[in-house]
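*Asks:* All chains, full assembly: derive it from the sequences and hints.
2 protein chains.
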Amino acid sequence: MASRNKTAQASIESMYRVFTVPEAPQSTLGQVDEYISRNLAGFLQEHIVAVEKDLNEVEKDFSDSTIPEKPIFVSEQAQFLLDKLVAQSVHTAAPSFIGHMTSALPHFMLPLSKIMIALNQNLVKTETSKAFTPLERQVIGMLHRLVFQEDKAFYRRWMHDPFHALGSMCSGGTVANLSALWVARNLAFPAEANFRGVNREGLFRALQYYGYQGAAVLVSERGHYSLRKAADILGIGHDYIIPIATNRENKIDVDALRTECIRLRSEKIKILSIVGIAGTTETGNVDPLDEMAEVAREFGAQFHVDAAWGGPTLFSRKYAPILKGIEKADSVTIDAHKQLYVPMGCGLVLFKNPASVNAIEHHAQYIIRKGSKDLGSTTLEGSRPGMAMLIHSGLRIIGRDGYEILIDLGIDKAKAYARMIEAHPNFELITEPELNILTYRYRPDYAAEALKIADDEHRKKINIMLGRITKYIQKSQRERGKAFVSRTRLNPRQYEGDPCVVFRVVLANPLTTEKILTSILDEQVEIASEKGISDEFQALQKACARVMSASKSQQVAASRS
Amino acid sequence: MASRNKTAQASIESMYRVFTVPEAPQSTLGQVDEYISRNLAGFLQEHIVAVEKDLNEVEKDFSDSTIPEKPIFVSEQAQFLLDKLVAQSVHTAAPSFIGHMTSALPHFMLPLSKIMIALNQNLVKTETSKAFTPLERQVIGMLHRLVFQEDKAFYRRWMHDPFHALGSMCSGGTVANLSALWVARNLAFPAEANFRGVNREGLFRALQYYGYQGAAVLVSERGHYSLRKAADILGIGHDYIIPIATNRENKIDVDALRTECIRLRSEKIKILSIVGIAGTTETGNVDPLDEMAEVAREFGAQFHVDAAWGGPTLFSRKYAPILKGIEKADSVTIDAHKQLYVPMGCGLVLFKNPASVNAIEHHAQYIIRKGSKDLGSTTLEGSRPGMAMLIHSGLRIIGRDGYEILIDLGIDKAKAYARMIEAHPNFELITEPELNILTYRYRPDYAAEALKIADDEHRKKINIMLGRITKYIQKSQRERGKAFVSRTRLNPRQYEGDPCVVFRVVLANPLTTEKILTSILDEQVEIASEKGISDEFQALQKACARVMSASKSQQVAASRS
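If you read the sequences in order, they're chains L and F.
Numbering of the first sequence is given in my numbering, commencing with residue 1 and proceeding in unit increments.
Numbering of the second sequence is given in my numbering, commencing with residue 1001 and proceeding in unit increments.
Where hints are given, some of them may not hold.
To be verified - In silico DSSO-like links for lysine-lysine, alpha-carbon gap of 27 Å or less:
# : chain 1 : residue 1 : chain 2 : residue 2
1 : L       : K373      : F       : K1060
2 : F       : K1373     : L       : K475
3 : L       : K53       : F       : K1373
4 : L       : K460      : L       : K471
To be verified - The following label-pair restraints were derived from C-beta to C-beta distances:
#  : chain 1 : residue 1 : chain 2 : residue 2 : range
5  : L       : K60       : F       : S1266     : 48 to 56 Å
6  : L       : E526      : F       : Q1208     : 41 to 49 Å
7  : F       : E1192     : L       : E57       : 38 to 46 Å
8  : F       : E1013     : L       : F537      : 27 to 35 Å
9  : F       : N1247     : L       : E361      : 56 to 64 Å
10 : L       : R297      : F       : G1371     : 26 to 34 Å
11 : F       : P1243     : L       : R493      : 51 to 59 Å
In short, the hints are calculated from the structure, not lab data.
Cβ coordinates follow ideal geometry from the N, Cα and C atoms, glycine included.
*Replies:* This is the structure we're talking about:
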C-alpha cells in the first residue's frame, strides 16, 4: 500500500513537472527542442515533395485505437513524430510543389508562432486576450483599408468601436464565406412589426412572413464548393446556389446573371447575395466585379466577393486593377493562410459597413457582454487563437512592398509557364493565367490536329482519352515524389464543354524557378512514355488516325464530286 | 533607372531570403528565435496574471490602419511583440488565473507545435497532409473509443474507412456543436420520393414536405450560447432552442423536458435534437444523460452531448460514472484545447454511428473526391491545420494515467476550495462543484442572517447589493493583476431565482495550490475594505439592519399578542 501511494505520488509529481517551465535551456525538453529544430531544418531543405509510400502502408503506424495507459517520454514521441509523421508528410514548401494553394511559409513565422502558442490566448474575450484584441482589430482594419480604401478618419472612428466591427476573423475561407452569407441572410429577413427576425424565428417563418418561396445565392459555375456547403448549413439548401455560366475566360456572364435574377424574382425567390470571385480556385480568374456590384444593387442583394485567393493581388500596383469593383462589395473573404503567407488556419471576412456584423451578434452572461470589446460576439467561432499576430507580423516584416513583389513574381511566372506550355508540342494550355494559376493538359501534336477537324463524337472520344493520359501522368508524378501538380476537370468552351481532365498549377512559392518548371514538364513527358500508359497512347493514335483519314477521304470525295 | 532596378532586385532577393531555410543556428533568425525563447520563459515563470493597463491605453499601440510600405527587420517586430503584445497579454497559464477554461499548457506542446507550424499541412485533403490524415483518424478513433467503448473490431473496421468517419475535427466546441446539430437537422429531413433532402432544398421546403411548423432543439437553461448561435446559423432560429428548467444542482429537469417534448409534438414542431451537458460552462454540472437518452429515443430525436468541458472526465475511474449515459449519445462534443491541454483552436465532434457524417458530405472536382480518404468532405471547415498531432502527443505523453491525475486533482481541489468558502464568514458558496468548477459570492455573515428572514422585496434588494459588491471585487482583483476569477449571473433556487452575480472558478491548472486559493480569498476580503465600495457596504448594512429590526419588532409584537 505504501509503495502504491509512492507510485501515485511520483505520477502526480511528473504531472506537475509537465506544466512547469523548464528553467535551463540544457533541460531534456530543451534538447528535444533543438533536436526537432535540426531535423526540421534538414527536412525543409530537401526539395522532395513526398517519399512514396502507399497511404494504406502509412495507416499501419496509426491503427491502434487504444489510448495508452502509461505516459511515454517526450523524446520518444518526438522521435515517433519525426520518423512516422514528418517523414511521411507532404513537403508543401518545396518549390516543386505547385499543385495547391498551400505554399511555403516565410521562415520568420516559426519563431513568432512560438509566441502565439506559448501565450495560448483566447480571442473570444479580452479577459483571455487583452492586447491581442486591439491587435486583431487593427489587422482587420488594415486589410479593410486595403480593400475598401476608406479614409483615416473612418478607421479612427470604427476600428476599435465596441459596438461595431470591420470584419470577423476565423479559421479559413470556408467559415469566412459562411459568415458572409449568414450576415446576408439575416439582413434580408430582419425583425419588423410582429416578426422577430430570421435569427430568432428561423428561415421557415421568415419566408412565410416576407412572402417568399425560397432564398438564393448566385455565383458563377466556378464558385468554390464552400458556398454550396454554406447554403446547406444556413438552411437555404445547396440547390439554391444558382450557378451562372461563364465566358471563355471563366468569368461570370453578367447578362446570364441578370436574366437569372429576373427569373428568381418572378418566382418569388429572395436573392440574398450575389457572389463575385476574385481568383477562382481552379483557374484563378476574376469576375467583372464592377458590373456585378451594379446587378446586386439593382436586385437589392448583398454583394459578396470571395477573394480568398486573389485578395492580396491588391498589394500589386500592376495587377490590382484586375480586382476593380471589389471596393463596392458588402463583404469580402480573404484567406491569410494563402497569399498572406501565414500558417494554416487563418482567414477573415471584411464588411464594408461596420454595422453589418450586428446581424449575427450573440451574447452570454459570463463573457462577450454587450458593449464589451470582446471579439467573440461577432464571430462564428467561439474560442480562437491569436493568429492575428502572425498577419500583423507579415504585414510589417514583408510590407506592402514585399507582398507586391510576391504577387508580381507569381503572376509573371505563371505567364512564363503558359508560354513554355504553348511552345511545347506535347502540351495544351487550357486556361491562360490571369493571376498565378493556370491549367493545361497532355496533348501530343497529332491529337491537336485531329481535334481541329473531328466531329462531335470523335472529339469527345479523344478528349476522354487525353483525360486518362493526363490523369495517369498526374498520379505518377505525385507518386514519384519529386514534384506535384494537382488535377481537376473543366469544361472548356473550345471543346464545346466536353469534360476535360487538366493539370492545375498554383505558382505562389517565390523559390519556384523556371528551371524547376521545365523539369516538371520534362518529367511529365518522361512519364508519358511509360509502359503503364502505352495502351492508351496506341488507342489515341488510332482514334486520331481515323479522324485524319476520314477527313482526307471526305476531302478526296469532295474534290471528286 | 539602373539604380532603381538595383533596388528592385535587392527587394526581390530579400523576399527569396525570407522563404529560404536558414542554414546555421547562428543566423539572425536563430538569434531572434533564441531571444524570444528566453523572453517567453521569463514571462511564463512570472506568476502574475496581467499588468494593469487600460485597454484604451493598449489600443494606442494598435491604432494605425495603414499597412507599412517598407519591410522592417524580424528582430524589430519581435521586440515590438515582446514589448507591446506579450507584456500586455493575459498570463492564462498563471496558477492564480482560475477564471476561465483557458489554462496552462504542458510545456512539451511548444517544441512539438513547431513541427505542426513548420510542416504547414492542410488536412482538407491527403495531397497536402498525407500521414496527418491517418493520424487524425486515429485520434478521432481513440477518443471515440473513450466515449463509446466499442470493441477493437469496430475500430479496425471503421477508423480508416474512406466512406465513413467517426467524427469531425474543427477549431473548437462552437463549430463542433454546430456540426452536430447540422447532422441532426439533415438526418431529420432526408431525401425521399420527390423531396431531395434539406441539404439540397433547404429548411422551408423540408418543413413543408414533412408537414412541420418548425424545428427545435431542447437543452437545459444552462446550455452554452454556441447552441443559440448554431440554431441561428442553421436557419432554425434561436427561439427554437428551448431552454428547460434545471433543478437545484443545475441539472436538467427530465420531467419538464418530457412535458416540453409533448407540447412541441402537439404543435407539429420537429424535435431535432435533445442536448445533454457534461460540464456546464458556468457551474460545471452534468445532466442525467442516461435518462435524457431515453427521452430522445422516445421522441425520435438525436441525442447530442456537449462535453466540451467535461468529456475528459472519462479518463478518471473515480469520476467517470458522473457521465454515465454518454455512450448512448448520437454525437458528443469535446474540446481538445480545454481539458486535453492542447493549444487554442482545437475541438471535435464524435459520432456514434460512422455513417452519420454522410448527412453533411460535400465534394469537389479538384479535391475531396468521393471515395478518397480526404477528411475535408465531412468537416464544416475547409483548410485546417494538423492540430490532431498535438492531441496524439498529449494522449501518449500524458497517457490515460496522467489525464486521470489531472482530472482528479482538479475536482478534489474544487471540493477543497468549496469547503474553504463555506468555512469563511464573508463568502457564500453558490454552486457545489460536481466537476472542477464552482461559483460563490461575497456575502458577509450579517447579510446571511438577514437573507434567512427577509421578505421577497428585501431579499431581492440585498441580493442586488451583494451583486454590486461581488462585481466590484471581481473587477478590482482583475485590475490588480495578481489573480483572476471570472464572474457570471445565476438565478439560484435558494433565492427564489433572484439574479445573483457570482464569482466563477475553473480549477484546471495542476499548479494552482491551496495556498494560492487562500490568498485569492484574502485579496477579495482586502478589496472589500476599499474605499471605492464603502458606500455599498453602508447601504447593505442598513438594509440588513432594517430586516433584522423589523423581524425583531414582529417577534415582539407576536409575543405580545
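*Asks:* Per the hint of 51 to 59 Å, is the separation of the Cβ atoms of F:P1243 and L:R493 within bounds?
*Replies:* holds, 56 Å
*Asks:* What's the verdict on L:K53 and F:K1373, does the C-alpha distance respect the 27 Å limit or exceed it?
*Replies:* holds, 15 Å
*Asks:* Holds or violated: L:K373 and F:K1060, Cα atoms, limit 27 Å.
*Replies:* The given pair, whose Cα atoms are some 15 Å apart, holds under the 27 Å limit.
*Asks:* Please check whether F:E1013 and L:F537 have a Cβ separation lying inside 27 to 35 Å.
*Replies:* For F:E1013 and L:F537 the Cβ distance comes to about 44 Å; the hint is violated.
*Asks:* With the threshold set at 27 Å, check whether the alpha-carbon distance from L:K460 to L:K471 stays at or below it.
*Replies:* Roughly 16 Å separates the two Cα atoms, so the pair holds.
*Asks:* Between the beta carbons of F:N1247 and L:E361, is the distance compatible with 56 to 64 Å?
*Replies:* Cβ of F:N1247 to Cβ of L:E361: about 31 Å, so the range 56 to 64 Å is violated.
*Asks:* At the C-beta level, are L:K60 and F:S1266 separated by a distance inside 48 to 56 Å?
*Replies:* With a Cβ separation near 55 Å, L:K60 and F:S1266 satisfy 48 to 56 Å, so the hint holds.
*Asks:* A range of 26 to 34 Å was offered for this pair. Does it hold for the Cβ distance of L:R297 and F:G1371?
*Replies:* With a Cβ separation near 43 Å, L:R297 and F:G1371 fall outside 26 to 34 Å, so the hint is violated.
*Asks:* Within 41 to 49 Å or not, the Cβ separation of L:E526 and F:Q1208?
*Replies:* violated, 59 Å
*Asks:* Do the beta carbons of F:E1192 and L:E57 sit within 38 to 46 Å of each other?
*Replies:* holds, 41 Å
*Asks:* For F:K1373 and L:K475, compute the direct alpha-carbon distance and say whether it is at most 27 Å.
*Replies:* Given that 27 Å is the threshold and the Cα spacing comes to 15 Å, the pair holds.
Against the hints set out earlier in the document, violations occur for numbers 6, 8, 9, 10.
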